[in-house]
Amino acid sequence: MGAYLDAHQHSLTDPDAFWLAAAETIDWVKPPVSALDASNPPFYRWFADAMMNTCFNALDRHADSGRTALIYDSPVTGTQASFTYRELRDEVAVFAGALAGLGVGKGDRVIVYMPMVPRAVVAMLACARLGAVHSVVFGGFAPKELASRIEDAKPKVIVAASCGIEPARVVAYKPIIDEALTLTEHRPDHVVITQRPQSPAEMGPRDVDWDAIVATASPHDCVPVAATDPLYILYTSGTTGRPKGVVRDNGGHAVALAWSLQAVYDIGPGDVFWTASDVGWVVGHSYIVYAPLLVGATTVLYEGKPVGTPDAGAFWRVIAEHGVKALFTAPTAFRAIKRVDPDAKLLKQYDLSRFRTLFLAGERLDPETYHWATGKLGVPVIDHWWQTETGWPICANLRGLEPMPIKPGSPTVPVPGYDVQVLDTAGNQLPAGSEGAIAIKLPLPPGTLPTLWGDDSRYVSSYLSAYDGYYLTGDGGYIDSDGYVYVMGRTDDVINVAGHRLSTGAMEAVLAAHPAVAECAVIGVHDALKGQLPRGFVVLKAGVEVHEAALRDELIAAVRRDIGPVAAFRDVSIVPGLPKTRSGKILRKTMRGIADGRNEPVPSTIEDPAVLDALRPILRPILGP
1 MGAYLDAHQH SLTDPDAFWL AAAETIDWVK PPVSALDASN PPFYRWFADA MMNTCFNALD
61 RHADSGRTAL IYDSPVTGTQ ASFTYRELRD EVAVFAGALA GLGVGKGDRV IVYMPMVPRA
121 VVAMLACARL GAVHSVVFGG FAPKELASRI EDAKPKVIVA ASCGIEPARV VAYKPIIDEA
181 LTLTEHRPDH VVITQRPQSP AEMGPRDVDW DAIVATASPH DCVPVAATDP LYILYTSGTT
241 GRPKGVVRDN GGHAVALAWS LQAVYDIGPG DVFWTASDVG WVVGHSYIVY APLLVGATTV
301 LYEGKPVGTP DAGAFWRVIA EHGVKALFTA PTAFRAIKRV DPDAKLLKQY DLSRFRTLFL
361 AGERLDPETY HWATGKLGVP VIDHWWQTET GWPICANLRG LEPMPIKPGS PTVPVPGYDV
421 QVLDTAGNQL PAGSEGAIAI KLPLPPGTLP TLWGDDSRYV SSYLSAYDGY YLTGDGGYID
481 SDGYVYVMGR TDDVINVAGH RLSTGAMEAV LAAHPAVAEC AVIGVHDALK GQLPRGFVVL
541 KAGVEVHEAA LRDELIAAVR RDIGPVAAFR DVSIVPGLPK TRSGKILRKT MRGIADGRNE
601 PVPSTIEDPA VLDALRPILR PILGP
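Here the sequence shown is numbered in the UniProt record's numbering, starting from 1 and rising by one per residue.
It is worth saying that the hints were derived from the structure and are not from the lab.
Model, not experiment: these values are computed from the prediction.
Among these hints, one or two may not hold up.
Derived lysine-lysine pairs resembling DSS-like cross-links, with alpha carbons at most 27 Å apart [what the hints assert, rightly or not]:
1) K541 - K345
2) K154 - K30
3) K407 - K376
4) K541 - K305
5) K144 - K154
6) K376 - K106
7) K305 - K348
8) K589 - K541
9) K345 - K376
10) K441 - K376
11) K407 - K441
12) K144 - K30
13) K407 - K541
14) K305 - K585
15) K441 - K345
16) K541 - K144
17) K154 - K106
18) K106 - K348
19) K585 - K541
20) K376 - K348
21) K589 - K305
22) K144 - K407
23) K585 - K376
24) K156 - K144
25) K305 - K345
26) K441 - K144
Using C-beta positions, here's what the derived DEER-type ranges look like [as the list claims (entries may be wrong)]:
27) G78 - D14: 50 to 58 Å
28) S34 - A513: 32 to 40 Å
29) D16 - K106: 23 to 31 Å
Built from N, CA and C at the ideal position, the CB exists for glycine as well.
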């Protein structure tokens, strides 16, 4: 790992030199003289003396290349479209002019509430062009959740579509927006609506039609901004119920994403990169919209699902049709495909000869899913780990810098810029192989959150207060003797059974290895004698016929064999599905609350509330009222 070790060491011992070199890939209005501003810890800033425009770097500088910037593929509407860099730049420039005509200027906030359509990307980049701050809210979020984000960001304008399209239903957005605005004190000046034929919106006094305002708008030039000016706010759930607005700045974000796309994902100009996520999530911000365009690659915008639009071969079709070099998605997407088509029979219909790498992140990649994907696709399957707050990978196998041996269960090594350590409860660094809290020594690298929107004190209390001089990731795990990091799950997914600290992630790995199991979850629930006990939930692969009692015995015996009797694992339920967020994360915390008898609310981020409702009777009788 010579090239990697040299780069990682250089990034920690001389961050100024390392990141100034990386910054040379960005076009600056005023180039940075220094990289790190450490004058006001813990509020570190990057490229504080520089000026630039993110939209210029994403579009204008590539406009004469003739390359394709974006491919839109929508199986839910049966449509496809592609845009060259020049075509996308021209659309963005005109919409930026339209927003400016509505009074949007540098520093103003704009909420984008849209499905996976090209105009969502246009709206984001138009805000960046003006120096305005966009805040994308996942299309279809409930009125209360949308209202909380409106109240916090105080947008001058909301940009929305009339509806979103799910495989089995059409979700009208305008009624949600109207209801949200009855719950807020802040009112935007205008709501810009893209009318979709599947469900046109009724327009009100503050509403304006996208097509109408761009018809009379003039293209707007890029507005120079300070590298430390905010590019966007992305809200993540807070423990108090009030969302946390993660801030991303312009300069550090552009440098980090351009560097990471090439170093981590091995994607450069002209390559086709597909991130199967949503622009409402950080993955969509970083690797659907910004990173591919910053380096001059082609990004795929997919409005569909891994299964059901129309079948479990949907991903293979997109890869084959568009010549995708690398796919980045969540492990849950592959578990869904594996469950419906366990032998990957549909894969045989498509030519994936141009496909090189599969990247998975968003939730722990269990070894069973890793082995399935590796065996079926015949390409490297790369687990990597990061968070909304960091904006780009913390740990990864750097395929563009130096590909490394893959260890199933590990996202490999800390990415240059990140000083990852495992700490005990007193904040002492633990030796290799010892499990503890994963923390990152400050300063965080460029592209990570510098603070929370309008709330510096909450930024410190949420992330920096547990260990002095460290960012607390909230995840637990260990680092092995080779420097590979193992993320075993959120620290609240480490349970205490009669004084023994046990990882539910390790138990899940055992359950997932059973040939009948498609996916699983293990949670710790209250027990009067032992403090906590683990409960398992498994979903079977499609078409599998098993004797449920015999399967339970096999799974319990497997955990006893691999984890030990100390786990006291005696309870496993076979269920039709697991409740998940729209980004694919299993709602373990919600499941724990129900099992412990609390009146747990349905999270706003849930994909299908019916799945959770079906699970409640199974959870409650054990320990609930």
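Evaluation of the provided hints:
About 14 Å separates the Cα atoms of K541 and K345, which keeps this hinted pair within 27 Å; it holds. With a C-alpha separation of about 30 Å, the suggested pairing of K154 with K30 is violated against the 27 Å cut-off. A hinted pair counts as satisfied when its Cα atoms are at most 27 Å apart, and K407 with K376 qualifies at roughly 18 Å. Between the alpha carbons of K541 and K305 the distance comes to roughly 18 Å, so the proposed pair stays at or under 27 Å and holds.
Between the alpha carbons of K144 and K154 the distance comes to roughly 15 Å, so the proposed pair stays at or under 27 Å and holds. At most 27 Å may separate the alpha-carbon atoms for a hinted pair to count; K376 and K106 exceed this at roughly 49 Å. Between the alpha carbons of K305 and K348 the distance comes to roughly 19 Å, so the proposed pair stays at or under 27 Å and holds. Between K589 and K541 the alpha-carbon distance is near 24 Å, which keeps this suggested pair within the 27 Å criterion.
Simply put, K345 and K376 have alpha-carbon atoms about 10 Å apart, close enough for the 27 Å limit, and the pair holds. Restraint check: the Cα-Cα separation between K441 and K376 comes to about 39 Å, which exceeds 27 Å; the hinted pair is violated. The straight-line distance between the Cα atoms of K407 and K441 is roughly 25 Å, inside the 27 Å bound, and the hint therefore holds. Between K144 and K30, the direct Cα distance comes to roughly 42 Å. Violation of the 27 Å bound is thereby established for this hinted pair.
For the given pair, K407 sits about 25 Å from K541 by alpha-carbon distance, which is consistent with the 27 Å threshold. A C-alpha spacing of about 15 Å is found between K305 and K585, which places the hinted pair at or below 27 Å, so the restraint holds. Distance restraint check for K441 and K345: the Cα-Cα separation of roughly 46 Å exceeds the 27 Å cut-off, and the hinted pair is therefore not satisfied. Only pairs whose Cα atoms come within 27 Å are accepted, and K541 paired with K144 is rejected, the gap being roughly 36 Å.
For the proposed pair K154 and K106, the alpha carbon gap of about 14 Å is at most 27 Å, so the pair holds. The straight-line distance between the Cα atoms of K106 and K348 is roughly 51 Å, outside the 27 Å bound, and the hint therefore fails. A C-alpha spacing of about 19 Å is found between K585 and K541, which places the hinted pair at or below 27 Å, so the restraint holds. About 10 Å separates the Cα atoms of K376 and K348, which keeps this hinted pair within 27 Å; it holds.
The hinted pair formed by K589 and K305 meets the criterion: a straight-line CA distance of about 25 Å does not exceed 27 Å. Of the supplied pair hints, the one linking K144 and K407 is violated, its CA atoms being roughly 43 Å apart against a limit of 27 Å. Taking the CA atoms of K585 and K376, the gap is near 24 Å; set against the 27 Å cutoff, the hint holds. For the proposed pair K156 and K144, the alpha carbon gap of about 19 Å is at most 27 Å, so the pair holds.
Annotation: proposed proximity of K305 to K345 holds, straight-line Cα distance about 18 Å (limit 27 Å). The hinted pair formed by K441 and K144 fails the criterion: a straight-line CA distance of about 36 Å is larger than 27 Å. Against the hinted window of 50 to 58 Å, the Cβ-Cβ separation of G78 and D14 comes to about 53 Å, which satisfies the hint. Here the CB-CB span from S34 to A513 is close to 50 Å, at odds with the stated 32 to 40 Å.
For D16 and K106, the Cβ-Cβ distance of about 28 Å falls inside the hinted range of 23 to 31 Å, so the restraint holds.
In the structure shown, a violation is registered for the earlier hints numbered 2, 6, 10, 12, 15, 16, 18, 22, 26 and 28, in ascending order.
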